[in-house]
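Colleague: Required output: the full structure, derived from the provided sequences and hints.
Chain by chain, the residues:
There are 2 protein chains.
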Amino acid sequence: MCPHALIPYKPKNPKTRLSSILSQEEREQFAEAMLADVIDAVKDVNCMPVIVSTELFDSDLVQVTVQDADLNQTLNEILPRAENPVIIIMADMPLADGPSIRRVISTTKDIAIVPGRGGGTNAIFLKEPQKFHVDYYGGSFAKHLAIAEKAGLSVEVIDSFRLHTDIDEDDDLVELLIHGTGKSRAYLEGLGFALSTDKGRAGVTRKR
Amino acid sequence: MCPHALIPYKPKNPKTRLSSILSQEEREQFAEAMLADVIDAVKDVNCMPVIVSTELFDSDLVQVTVQDADLNQTLNEILPRAENPVIIIMADMPLADGPSIRRVISTTKDIAIVPGRGGGTNAIFLKEPQKFHVDYYGGSFAKHLAIAEKAGLSVEVIDSFRLHTDIDEDDDLVELLIHGTGKSRAYLEGLGFALSTDKGRAGVTRKR
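Going line by line, the protein sequences match chains A and B. Numbering-wise (this note's numbering), the first sequence opens with residue 1034 and increments by one. Numbering-wise (this note's numbering), the second sequence opens with residue 1034 and increments by one.
These are computed hints drawn from the structure, not numbers from a lab. Do not rely on the hints blindly, as some may be mistaken.
The list cannot tell twin chains apart, which means a pair is met if one copy fits it or any two copies do.
[What the hints assert, rightly or not] With a Cα cut of at most 27 angstroms, we get these calculated BS3-like pairs of lysine-lysine:
1) Lys1176 <-> Lys1216
2) Lys1164 <-> Lys1216
3) Lys1176 <-> Lys1240
4) Lys1048 <-> Lys1142
5) Lys1045 <-> Lys1183
If you're wondering where the values come from, they're calculated on a predicted model, not measured in any experiment.
Modeller: What follows is the structure in structure tokens.
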């Protein structure tokens, strides 16, 4: 069974917390490159990507669902109508790869959930999507655990740093430059980003 | 086979990058609590903890190896004499648990390695320790991969956010408060630390 992979995506003015180091046009191109990496990973395990975007955008690779609503409302209109397992996976996780996603979708529990940095939810796999609803933003990992418990659904928390690492802030780029292998790392390197290392943790620098 | 777990540990004035939010005495107590969590995790998979400390410190639980040398030199004197598999695991990874460590020590490769935040090495498992030497600090993950390749040793990179999350900076405490279950989380909460959440990532606050 290859579940549908719902990928929320914001094509216009995304990743505003990276504004100090990337222009709006660069942020839009970078978000597109990260999306491409996530799509590659999802296809690697034969999931069918479905981009959930609030705006039309060009893509002949994937289905696009467009609704004028916030992320929670949009997803919560899709889930009750889903007849097969669904994975919801964020578009800003460029370290996602086939093996990490396979661990998520091969859970023996009703739900598998991957926490993101700072208490968010980076991926959630639902064997019976109609029994669940999402509540993103503001500590969603804890909220999703509570929703599952209330619905009587068993949960596996997937321990993956590749899926834990969402890219929101400057420091997050470090992990992408160290562990990335896809288009978004190449995009950053093309802009002149490189690791700066001394004796502690690595940082990033940009040569212009 | 239960490998020895070498745990480098600095009892005096540790974790100086947390100085803005913790006093020296608090940092020492916090480091000790994190060490206790790592020891619990290691024992959970029947590994034998061996604290590698450059200073004497009280412990009736574990063996202590004390040498007047830097970490690399100390470990590189131990490894050639090790006759059985060894895991080297840092003392500042309080999210370590039995299942994550089991993934490391049950690798089918010669070596399993866990990258830390910012390019470090949080854990490394060596089936034949005498064939390897360590080179910590400054991008050690990449250096250890290169050392393994040069020695003709096969490597598995373990994808675990619990073992990826070392605690060096203020922001790292967020993950401990979200996902921790042991003594170090309890220690922080006893000091008044709590999560602060709004709509983005969680932060930490301290009530005095």
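Colleague: Evaluate each hint against the coordinates.
Modeller: Now for the hints, and whether the structure bears them out:
For a Cα distance limit of 27 angstroms, the shortest separation of Lys1176 from Lys1216 across copies, 24 angstroms, qualifies, whereas the shortest one inside one copy, 32 angstroms, does not. In this assembly of identical chains, Lys1164 and Lys1216 lie within 27 angstroms of each other by CA distance neither inside one copy nor across copies; the values are 36 angstroms within and 36 angstroms between. For a Cα distance limit of 27 angstroms, the shortest separation of Lys1176 from Lys1240 across copies, 24 angstroms, qualifies, whereas the shortest one inside one copy, 41 angstroms, does not. Proximity of Lys1048 and Lys1142 under a CA criterion of 27 angstroms is satisfied in neither setting, with 33 angstroms inside one chain copy and 39 angstroms between copies.
Proximity of Lys1045 to Lys1183 under the C-alpha cut-off of 27 angstroms is found in neither arrangement, the shortest distances being 36 angstroms within a copy and 46 angstroms between copies.
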